[in-house]
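All residue numbers for the sequence shown refer to my numbering, where the first residue is 142 and numbers rise by one.
For the record, the hints were derived by calculation from the structure and aren't laboratory data. This one's a predicted model, so the numbers in the text were calculated from it and none came from an experiment. A hint or two may mislead.
[Said to hold, decoys possible] Subject to a maximum C-alpha distance of 27 Å in a straight line, what follows is the list of computed DSSO-like cross-link-like pairs (lysine-lysine):
hint: 1; residue 1: LYS197; residue 2: LYS280
hint: 2; residue 1: LYS461; residue 2: LYS282
hint: 3; residue 1: LYS197; residue 2: LYS282
[What the hints assert, rightly or not] Per label pair, the in silico range of CB-to-CB distance:
hint: 4; residue 1: ARG168; residue 2: GLU382; range: 24 to 34 Å
hint: 5; residue 1: ALA169; residue 2: VAL148; range: 17 to 27 Å
hint: 6; residue 1: VAL148; residue 2: GLU380; range: 23 to 33 Å
hint: 7; residue 1: ASP161; residue 2: PRO283; range: 31 to 41 Å
hint: 8; residue 1: PHE177; residue 2: GLU346; range: 42 to 52 Å
For each residue, glycine too, the CB sits at the ideal point set by N, CA and C.
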Amino acid sequence: MFVSGQVDPFHHLKILPNSDGTITRLRADPHTHPTFDPTLPIPVLTQDTTINQSNKTFARIFLPRPALHNSSTNLPLIVFFHGGGFILFSAATHFFHDACVNLAKDTNSIVVSVDYRLAPEHRLPTAYDDAVEALHWLKSKPHDWLRNHADYSNCYLMGSSAGANIAYHAALRVAAETSSDGINYLEPLKIRGMILSQPFFGATERVPSEMRLAEDPVLAPHVCDVLWDLSLPVGVDREHEYCNPRGGNGGVILERVRELGWRVLVSGCQDDPLVDHQIGLATLVAEKGVPVLTNFSLTGSHGAEVRDPLHQNRLHHLVKHFIAPPPPSIHNLSPQNSA
């Protein structure tokens, strides 16, 4: 709840609520245009392609330049979902574009960054719907770079902040789709697991990290409350499964995730008010027998793994080894700090 003396969350987010339930976004974060000219001296080529024209969803594909000259080895495929509290930013926003360029370069992977519809104009589960639609779109290998250079047998769903929440729920939906008879409806796309960077989850009751960092200048808990109010379905609270992973039947579906042999990487920073929720998510995943690797840096705020070079480099180093075929053997690791 917003109380007197706290920063105005709408001012902090640079948004204005409108009477019709929409918001006016006042941010002026520049967008980066894709660059796919192979004659330019850049390490990663980028190109946009439409997913659903009616919904105005698209994907930005990031291809490491060396792949153009190496047809003998296909690269791991990372499907990425940007953050922004479900209400802000785009796959083209400059810092997410730059982060995906570095991710593709540092991990030698093809990154497909999905641009999904935003709340409150399109409340959850719309972003999850768009994410799953993007995966079904991907299975047809809709772009030459994917047909020629992507290893469809080594695919991971990754997201930052709210994007990690989207990756998680999209993965649960895919797992549920294969639960009855074992058929993979995404063939030839084979998901190996999730990479959840500073995932955006919550609950009605404050956790210790939220109380400790109640005045956090980046993402104070009362600012998170507004983000959830704008993105959750009308009439539900923060105990809903979209916000609290222990709600609903997510725990049951995680058992299917274990059966599918998927692995999970959860990373974060101790100076993020959401860190206890992130540790709680990793704990839930481990309880269900899913192999989980955790890394929580002793420093760093929410968003550091996107914007701060040190934290970004650390994350990309983890990802590179996490996705490298053949997969490393990880046996039900409990959440732990490995800073």
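- For the range 42 to 52 Å, tell me whether the beta carbons of PHE177 and GLU346 fit it or not. For PHE177 and GLU346 the Cβ distance comes to about 48 Å; the hint holds.
- Query: LYS461 and LYS282: Cα distance at most 27 Å?
  - Reply: The given pair, whose Cα atoms are some 23 Å apart, holds under the 27 Å limit.
- Task: Could you see if the CB distance from ASP161 to PRO283 stays within 31 to 41 Å?
- Result: Cβ of ASP161 to Cβ of PRO283: about 35 Å, so the range 31 to 41 Å holds.
- Item | Hint check for GLU382 and ARG168 - Cβ pair distance inside 24 to 34 Å | 29 Å Cβ-Cβ, so the 24 to 34 Å window holds.
- Message: Need the status of pair LYS197, LYS280: alpha-carbon distance at most 27 Å?
- Response: 19 Å, holds
- Query: Between VAL148 and GLU380, does the C-beta distance stay in 23 to 33 Å?
  - Reply: 26 Å, holds
- Message: Given the hint of 17 to 27 Å, is the C-beta distance from ALA169 to VAL148 inside that range or not?
- Response: 20 Å, holds
- Take a quick look at whether LYS197 and LYS282 sit within 27 Å of each other, Cα to Cα. Given that 27 Å is the threshold and the Cα spacing comes to 19 Å, the pair holds.
In summary, the structure agrees with every hint in the numbered list given earlier.
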